[in-house]
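Kindly produce the complete structure, drawing on both the sequences and the hints.
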Amino acid sequence: MAVVYGGDRITRVSAELAEAFAPGDRLVVVQSTGALLHVPSADARLVDEAVGAASRAFLALGAVTDDAITAFYEAFARRLEDDEVFAAVAAANATDVDAARARGRSTTRLELSAKMRADMVAGLRGWAAAPSVRDQLVETIEHDGWRVEQRKAGLGVVGFVFEGRPNVFADATGVLRAGNTVVFRIGSDALGTAEAMVEHALAPALAEAGLPAGAAQLLAARSHASGWALFSDTRLALAVARGSGAAVEQLGAVARQAGIPVSLHGTGGAWLVTGEAAVTGTFATAVRHSLDRKVCNTLNVCCVLERRAAELVPAFLHALSAAAAARGSNPKLHVLAGSEAHVERSWFERRVPIGRAGGDVVEPQAEPIDEADLGTEWEWESSPEVTLAVVASVDAAVELANRYSPRFVASLISDDAAEHDRFWAAIDAPFVGNGFTRWVDGQYALDRPELGLSNWQGGRLFGRGGVMSGDTAFTVRTRAIQADPDVHR
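Heads up: the sequence shown begins at 0 in numbering that gives the first Met the number 0, then just goes up one per residue.
Hints were generated in silico from the structure; no laboratory data involved. Computed from a predicted model, the values in this text were never measured in an experiment. Every residue gets a Cβ at the ideal spot worked out from N, C-alpha and C, and that includes glycine. Treat the hints loosely; a few may be bogus.
Said to hold, decoys possible - Just the calculated beta-carbon pair ranges, DEER-fashion:
id, residue 1, residue 2, range
1, Gly-61, Thr-284, 48 to 56 Å
2, Gly-103, Asn-401, 16 to 24 Å
3, Asp-66, Ala-86, 27 to 35 Å
4, Gly-280, Val-361, 32 to 40 Å
What follows is the structure in structure tokens.
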């Protein structure tokens with residue numbers, strides 16, 4: 000069967016899709032790509048019920064006090080701190096990790112460590128201490144006999160789809176602080192952990208604080224179809240997606256064509272550039288601390304000035320090797336074509352075990368890449384993986400970053416303030432620093448758990464910063480207060 004998409008193009012239903020499709024199922028046609036997304040009726044019903052409950056809970060929140068919302072965060076944090084309660088969550092996480100590892104899946108973000116647990120508790124306590132933005136006065140316009148007030152208000156139901164990382168509950172539930180409700184889906188690898196978290200901590204905390212049960216809901220579904228159904232539901236006020244670039248881009252396309260505002264947080268990878276006045280020790284330390292683990296703000300491309308290469312490239316390679324040694328692994332290096340002469344030949348000749356999601360793979364420790372591959376984000380497991388480019392100038396590095404990077408995180412290592420000012424003015428990135436790149440994190444930098452970090456890959460953001468947090472998801476209502484009953488136009 001032919002299906003029209005994009006107004007003037009045709010895609011065709013495959014035999015497999017036709018065979019799988021059943022009465023009551025839905026078909027989502029992605030208008031930008033022609034992808035045909037099959038949503039089984041069970042997933043559609045699950046989402047319909049969850050969004051319906053969240054919509055009712057949003058209206059009910061109008062009668063809930065700020066103190067009750069604070070009590071929810073405190074109760075949630077207290078349960079996560081309770082070792083007896085947390086034991087059930089930890090057991091579920093161990094099962095998830097074992098299952099993911101058996102399928103050759105990455106587990107670096109899946110393992111619920113003691114630090115991850117502590118960060119969740121700190122995030123929830125942060126929301127408990129944060130001032131409420133509900134009904135916050137933004138502006139007053141005085142007129143003769145009457146005035147107009149602009150006040151912040153909740154958006155409504157926030158749909159949140161994120162990767163298989165179990166520590167995002169403080170992020171997702173942060174939207175309650177602004178008077179919103181949330182329906183969220185987690186990657187299938189972490190679903191068991193998430194279900195245990197809901198059962199033993201989230202749901203009891205909502206009940207204890209007297210908040211409606213529909214205020215924060217997990218979609219208990221492993222299928223991608225539940226995410227497509229969620230982002231197609233026009234009752235959502237905002238759709239937030241976080242994860243791999245391709246999946247996030249597709250979810251964003253589904254939401255946009257349904258008329259739902261989106262906040263996408265997919266492609267990552269930080270760039271680090273050395274300036275004319277770079278201090279070798281400062282540079283090496285920044286590299287080392289930017290490669291402690293693989294997340295979106297991890298160093299991905301390092302640009303070293305050719306004039307300083309004899310001094311700085313060995314320092315870079317030493318820091319890269321130290322980052323790998325700290326993880327008990329070998330580093331993986333990609334070198335921009337034309338820059339190979341600045342790297343010892345032994346790096347290209349050595350074949351070493353590189354830690355991949357499916358286990359160690361023996362491969363060359365260093366390999367050349369073309370300029371077009373500077374845009375590749377290396378999704379490494381235990382072996383720090385990064386690209387080195389030797390460039391003629393800071394301006395040349397900026398030009399490459401503006402063309403090939405996700406326009407996300409950029410750092411300049413230099414002791415020259417004027418050089419930093421020129422870099423700040425020229426680089427097209429929302430997050431710019433002068434040291435390690437891993438500072439880019441809502442909770443770490445702004446003391447607010449984040450829903451996600453936006454890059455500028457799809458254009459600069461309108462009306463808000465690159466950190467999307469629970470208390471930034473609001474709208475503004477306008478209220479007229481008339482003192483003189485005879486006011487008229």
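Hint by hint, here is what the structure shows:
1. Gly-61 / Thr-284: 48 to 56 Å: holds (51 Å)
2. Gly-103 / Asn-401: 16 to 24 Å: violated (36 Å)
3. Asp-66 / Ala-86: 27 to 35 Å: Check passed, 30 Å falls within 27 to 35 Å.
4. Gly-280 / Val-361: 32 to 40 Å: holds (33 Å)
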